[in-house]
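J.: Numbering that gives the first Met the number 0 puts the first residue of the sequence shown at 0, with every later residue one more than the last.
A hint or two may mislead.
Heads up, simulated SDA-like pairs for lysine to any residue below, C-alpha to C-alpha not over 25 Å straight-line [said to hold, decoys possible]:
#1 97 to 64
#2 208 to 223
#3 97 to 211
#4 208 to 134
#5 97 to 214
#6 208 to 90
#7 158 to 214
#8 208 to 166
#9 158 to 186
#10 156 to 186
#11 97 to 84
#12 208 to 56
#13 208 to 242
#14 156 to 146
#15 208 to 239
No wet-lab data here; the hints were simulated from the structure.
Quick caveat, the model's predicted, so the values are computed rather than measured.
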Amino acid sequence: MSYETLDLTLEEGVATVHLRNPPVNAIDQSARLELADLLDRLREDDVRVVVFEGEPDVFSVGADISLFESALAWTTQEFRRNSRVLGRVFDGLEEMEKPVVAAVEGTCVGGGLELALACDVRIAAPDATFGFPEHNIGLIPGLGGCSRLVHLVGPGKAKDLIFTGELFDGGTAHDLGVVERLADDPGTAAADYARDLLDQPPQALGLAKRVVNASRDADRATAGLLESLAQSTLLETADHREGLEAFREKRDPDFSGE
0 MSYETLDLTL
10 EEGVATVHLR
20 NPPVNAIDQS
30 ARLELADLLD
40 RLREDDVRVV
50 VFEGEPDVFS
60 VGADISLFES
70 ALAWTTQEFR
80 RNSRVLGRVF
90 DGLEEMEKPV
100 VAAVEGTCVG
110 GGLELALACD
120 VRIAAPDATF
130 GFPEHNIGLI
140 PGLGGCSRLV
150 HLVGPGKAKD
160 LIFTGELFDG
170 GTAHDLGVVE
180 RLADDPGTAA
190 ADYARDLLDQ
200 PPQALGLAKR
210 VVNASRDADR
220 ATAGLLESLA
230 QSTLLETADH
240 REGLEAFREK
250 RDPDFSGE
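Make the full structure from the sequences, and use the hints.
T.: Next up, the structure:
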């Protein structure tokens, strides 16, 4: 499958998605549709881990301003329908039972930051630039910028960053909890991180992701129940038995995903 706004490579289970829509990796209408098609490919079983990366000077600036100019002629229903295309992509990345990593260099703002927030782990360069400047055109970050950011930084800081549109660097993003790791070369760090995850049991990673995500919005008792149900499922897997045998035999486990 070929794309015009991104490149996809798959190597030993690691799918690397390189955003390539010059000059600023805008998520225009073509990119939205291609990301939607890409999502189905990333769900396939030969993909174990996903890495999103951009260019050295820009991860993505988000929506092209011309998209909003075109949207002036849309009804609110048409706008919501078009927004759902990208919204389903972000939700799909968050929901798929496999790790998704963002390697961020350069500018990552607006919808680009919303894409990164939909990933499970963000690895950023210290001098990367983050922010939500949507207020400059009278809008809000409306595809997860508000709803995902609040879980990472809390309601007060989320409102502060969105109210002001303040831009902040990778170091600040790490201090705030917007990114999990800093690296001078995020692409290489993300590739290494992804390869390390290939040694882990896929079902355990996938269910851990689902339980952690669900627990954000659940009360403690419900979250505990989800943990217990996931654990009871994993107890019946071949990977669990392999892990036990490897421990007893003092060797590295060879997980199959079964």
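J.: Does each hint hold? Answer for all of them.
T.: How the hints compare with the structure:
1. 97 to 64: violated, 33 Å
2. 208 to 223: holds, 14 Å
3. 97 to 211: Holds, at roughly 13 Å.
4. 208 to 134: violated, 32 Å
5. 97 to 214: holds, 17 Å
6. 208 to 90: holds, 13 Å
7. 158 to 214: Holds. Residue 158 to residue 214 sits at ~22 Å (cutoff 25 Å).
8. 208 to 166: violated, 29 Å
9. 158 to 186: violated, 30 Å
10. 156 to 186: Violated, because 28 Å separates the two Cα atoms, which is more than 25 Å.
11. 97 to 84: holds, 21 Å
12. 208 to 56: violated, 30 Å
13. 208 to 242: It holds: about 20 Å lies between the C-alpha atoms, which stays within 25 Å.
14. 156 to 146: Roughly 13 Å between the alpha carbons, so the hint for residue 156 and residue 146 holds.
15. 208 to 239: holds, 17 Å
In terms of the numbered hints stated before, the structure departs from hints 1, 4, 8, 9, 10, 12, listed from lowest to highest.
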